[in-house]
Amino acid sequence: MMRWIAIVLFSFLILAFESPLLAKAKAGAYAPDLGLIVVLYIAFIAPYEVGLVAVLCVGMFKDAFSMTAPLGLHMEVLALTFVVVHRLSQRIDLRGPVSVLALTAAASIASSFLELGLCLIFDQSFNTSARTTGVVLAAMLPQALLTAPFGPVIFWLLGQLESLTTRKSESIYT
Amino acid sequence: MREYVNRHRPTIFSLVGLVIPLLLLYLHGRSPRQTTVFEAALMNVTAPVQSAASRMFGGVEGLWSGYIALVDLRAENQQLEEDARVLTSQALRAKELGLENVRLRALLEFKRSRRDLRTVAAHVIAEDVSPFARVLRIQLDVGTADGIREGMPVLAAEGLVGRVRQVSGGVAQVMLTVDARSSVNVQVAGKGVTGNLQGTGDEEAYAAQLTYLHKAEELAEGDTIVTSGHDRVFPPGIEVGYIRSLEERQRGLYYELQVVPAVNFSDLEEVLVVVGVVGDGTEAVKDGGREAAEGGATP
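These protein sequence lines are chains A and B, in that order.
For what it's worth, our numbering labels the leading residue of the first sequence as 1, then goes sequentially.
For what it's worth, our numbering labels the leading residue of the second sequence as 1, then goes sequentially.
Chain A on its own, in the form it takes in the complex (with noise of 0.2 Å):
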């Protein structure tokens, strides 16, 4: 239990400070999805009712840490993304930093296009011109681009994050 309470901590302090420190880095449009790739993470080591429980905390610290974004739509993306990683889990072998990047920058570009169809659907406010769709559109592929180098990194502080909660050293990798 305690190992989980750690991790959702964790998320909650990285997406805190994740947003003054860019703005004070001036890198606000920047932005890597540090909350997906937590979300990665649980996917491959926690039991899926547990994990989503978890998840949905991350999603609403996102949503709550998003200036701009309607409650909820993060908590359901993030949601999808951990039941949609959560069964590959058992088929993919993360073999090392290599494949979380990889993982990172495929789930970054899917749960974009998933933000980007929530909105359309459900945010009333959100500018559902042919403009502004192509202008998110063209940003996931920077977007993931920018999130995959944090995959490794956040999965490697999340580990050792493990081990000090769990006093046991195991790696993700396989």
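If you're looking for bench data, these hints aren't it; they were derived computationally from the structure.
Hints may be right or wrong, so weigh each one.
[To be verified] If we take Cβ atoms under 8 Å as the criterion, some of the chain B residues that face chain A in the derived model are: (1) PHE13; (2) LEU15; (3) GLY17; (4) LEU18; (5) LEU22; (6) THR35; (7) VAL37; (8) GLU39; (9) ALA40; (10) VAL45; (11) PHE57.
[Claimed, not checked] Computed beta-carbon distance windows for the label pairs: (12) B:ARG2 / A:ALA139: 43 to 49 Å; (13) B:LEU70 / A:ALA106: 44 to 50 Å; (14) A:THR128 / B:GLY59: 41 to 47 Å; (15) A:ALA25 / B:ARG2: 50 to 56 Å.
Backbone N, C-alpha and C fix where the C-beta goes; we use that ideal spot for every residue, glycine too.
With chain A's structure known, arrange chain B on it following the hints.
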């Protein structure tokens, strides 16, 4: 029922986990709308954390930028201090040169106005100063080698300074007109009053007194006293001072008036020593026998 729930737990979890966010999204995706209780609660939780994080990063940023600035600050400070020293020195030098230029121009102007005088330019190299910061005697960087003899008049652009009292190879001492032993035959310019100007030797102020027999004309405060040339020591027409006040004292047959010297002895830097007079036949000064070097002589 329990068995059913246990068997379909993952599915139920999935449904609940996916439907709740959808409901929230549906509620909060509407526009326009008001802030919901969920949003308010989340903002209350996240705002203090984010604010603290922002302050922390601001502090780190300030510390870092301060440190980075400090790394080069020491060397930069030393360089700036050195620059400031050099510039201050140059500014002082420029100011000194400017003042010297003004004095020399005035002296040159005086030389041009008195082409009848053969002069040697000299620097004041020492001063004998009273406890009241009044200059009692000055020393010049010229001497017998430059044609200077005892008794030669010493002038500044403003007027008469005094006369050479002692001279050696390269140094001459000058007795000022305010010295108690100094006596100069003078006249009040344009008023036909002739008398003798005697220094008071006052250590607190530069002062002299004019002693005369009678007044051909009424005198006025500020009247200019000039050398008469009658003593055959000082060439005529050199400004000596100004009448300070008309409060005259009678001493026997003579009257006395207080005179302020024309020259501020405290500011003297360069002077002219008159080594000869040419032109009008009044050989007030014996020729030093040497053409004034350093451009000092006026033919």
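Hints, one by one, checked against the model:
Interface hint status for PHE13 (chain B): upheld, as the beta-carbon distance to the closest one in chain A is roughly 5 Å, under 8 Å. The beta carbon of LEU15 (chain B) is not positioned within 8 Å of any beta carbon in chain A (closest approach about 11 Å), and the interface hint is therefore violated. For GLY17 (chain B), the interface hint holds, the least distance from its beta-carbon to any beta-carbon of chain A being 4 Å, beneath 8 Å. Hint status for LEU18 (chain B): holds, given a least beta-carbon distance of 5 Å to chain A, under 8 Å.
The beta carbon of LEU22 (chain B) comes within 6 Å of a beta carbon in chain A, closer than 8 Å, and the hint placing it at the interface holds. For THR35 (chain B), the interface hint is violated, since its Cβ never comes within 8 Å of a Cβ in chain A; the closest pair sits about 10 Å apart. The interface hint given for VAL37 (chain B) is broken, as the beta carbon of that residue sits about 11 Å from the closest beta carbon of chain A, more than 8 Å. Checking GLU39 (chain B) against chain A: minimum C-beta separation of about 6 Å stays under 8 Å; hint holds.
Here the hint on ALA40 (chain B) is broken, as its CB sits about 11 Å from the closest CB of chain A, past 8 Å. About 7 Å separates the beta-carbon of VAL45 (chain B) from the nearest beta-carbon of chain A, less than 8 Å, and the hint is met. Given the 8 Å rule on beta carbons, the hint for PHE57 (chain B) holds: about 5 Å separates it from the nearest Cβ of chain A. Distance hint for ARG2 (chain B) and ALA139 (chain A): a CB-CB separation of about 48 Å, consistent with the stated range 43 to 49 Å.
Checked against the hint of 44 to 50 Å, the C-beta distance between LEU70 (chain B) and ALA106 (chain A) comes to roughly 46 Å, which is consistent with it. Distance hint for THR128 (chain A) and GLY59 (chain B): a CB-CB separation of about 42 Å, consistent with the stated range 41 to 47 Å. A hinted range of 50 to 56 Å holds for the C-beta pair ALA25 (chain A) and ARG2 (chain B), which are about 53 Å apart.
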